[in-house]
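Build out the structure end to end from the sequences listed, making use of the hints.
843 is the number of the first residue of the sequence shown in my numbering; add one for each residue after it.
Among the clues, some could well be false.
[Unchecked claim] Below are the DSS-like pairs computed for lysine-lysine, each with C-alpha atoms no more than 27 angstroms apart in a straight line:
#	residue 1	residue 2
1	Lys1005	Lys1157
2	Lys1098	Lys1123
3	Lys1302	Lys1206
4	Lys1302	Lys1325
5	Lys1157	Lys915
[What the hints assert, rightly or not] Pairwise CB distance ranges, derived in the manner of DEER restraints:
#	residue 1	residue 2	range
6	Gln1339	Gln1101	18 to 24 angstroms
7	Lys1206	Glu1335	28 to 34 angstroms
8	Asp1213	Ala972	49 to 55 angstroms
9	Pro981	Leu850	38 to 44 angstroms
10	Asp1340	Ile1215	37 to 43 angstroms
11	Asp1053	Asp1213	56 to 62 angstroms
12	Tyr1294	Lys889	56 to 62 angstroms
13	Asp1241	Pro1181	23 to 29 angstroms
14	Gly1260	Asn1297	22 to 28 angstroms
Calculated directly from the structure, the hints in this document are not laboratory data.
Think of the CB as a built atom: it goes at the ideal place given N, C-alpha and C, for glycine as much as any other residue.
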Amino acid sequence: MKIRVKLLPGTPNDSNRDYLPEGILGSDMVVNENGNNSQPLPERLRKFHETLQDGFEGTWYEYVPSTYDPAKKTPIVFSMHGGLMTGWGQCVYTSWSMIAEREGLIVVYPDGHSNRFWSMVKMTGRKAPAKCAGIAIPPDTDTAEENYDQNFILRLIDHMKAKYNVDESRIFMQGMSNGSGVTQQFAQYYGDRITGACISAGAHRMLAYTDGNGHLVNRAGALDIWLTCPENNSIYPKNLPQEARAAKEARYYWMKVNQAAPIPQIKIVGEDNFAFYHGKKANLTFLDVKNRDHGQTLDEACICWDYMFSGSSRKEHQMIHTDTREQRSGDGFAAAFTPGVAQVWWHNEVYALPAAPVMKQMLKYHGLNGDSIVRGEYLMVPLRFLAQMSGAQYFPSKDGRSAIVELPNGSVLQFAQGVIGCMIDDSLRSMSCETILREHELLVSVEWYAQYILNKTISKCSDVVYVTDHFAQLSYFMADLLKDLLNHREMPENFIQDALSL
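Okay, structure coming up:
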């Protein structure tokens, strides 16, 4: 058995309520919260404090893998902490050190220069808070050239290139929250100095990406981008539609810069909801994590590397893409539906349905003196398509009020308008609700058909039903993206003006 990465145990501190407990230093303490989870502090992590070129002084932490060979070109990742955190804190809250051992790359974790925060370049319409948790936040600067942190990062990159045998075609950056902001802005202003950027938990509305006159702010051009928006990100507290709008507009920004095709490949694995965009200039990945709060998942670094950075390099101003460790392809078997829209997401494309799905409630009213109770709600989908989805033959009656479905295994199903039963090889089985007739088409519950007949997985979120053949939990922002695809709103032509008008 060959193991390159050893998963080390830690001692949980479940009573901790500090964002970054100092007790982690010098111990094997780990903390677990729904937004951030930690690993024990790696022994190989080293702290540095130096004054770099032009007098820019700062602190950073380096993780150099045990396999580092100075004779070989080595990829490097700069991982930027969130507000109220540190470089060493970013190390324990990510899995970059594990990836460093597996892939032989170097990871650098810088400290923000002021009160454990990164300073930002002014963004149109953004009012930066003066304090967070009672601690002063550094003021925004008018330009990137005036920004201490941006200048320090530029010089730290040069310093690391001089110190180690860095593969200059494979320099990456990742940041969370406040760190995602500095990463986003570095990509906008100096992205031609790196190969790819991972922006975790930090989407903004379109206005923040413009100059106030309807033009996108971008000086550096295209690079591979990874955007993560946890479902409970709470940039806009208790306002998921607004949060979804911010996630959408962050995608639009990089779709435009990278000249990405508007139709992605969609893959949902467990709680991870991926949309893989192929761009003419650079690629884009969007990740929505079901039921996660603001922060970064411990495995995000690993996932980002496996699905994107592992196949990314740059030659001057051109991105070069090779095979990634994990394929950037959508689910092989997946269908998505939403009520009122006669379209289906199928084989990672949008196809027309013979009738629009409708939502149907199953009521109890017997013995309630005219009142009723909703016992279930089901999305009714054209049986004709469900037969196609299962590779079956569909035989409707002449009047269209009943139909026979012959499955590939030879089983014969019968459905009839108004009847809750499905006859399966001459044995009657009750469905979740009765078959209905709409637009001259028979509709049955996709939840029942997919699970009972096909033994598939169903996930429902925000009026979208997602059917696939493995464990998958549809998240809110991915449901919003699927609704846009089904309604042919994948990227409006005038997306900047549309966004600024809302």
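Which of the numbered hints are not met once you compare them with the structure shown? 7
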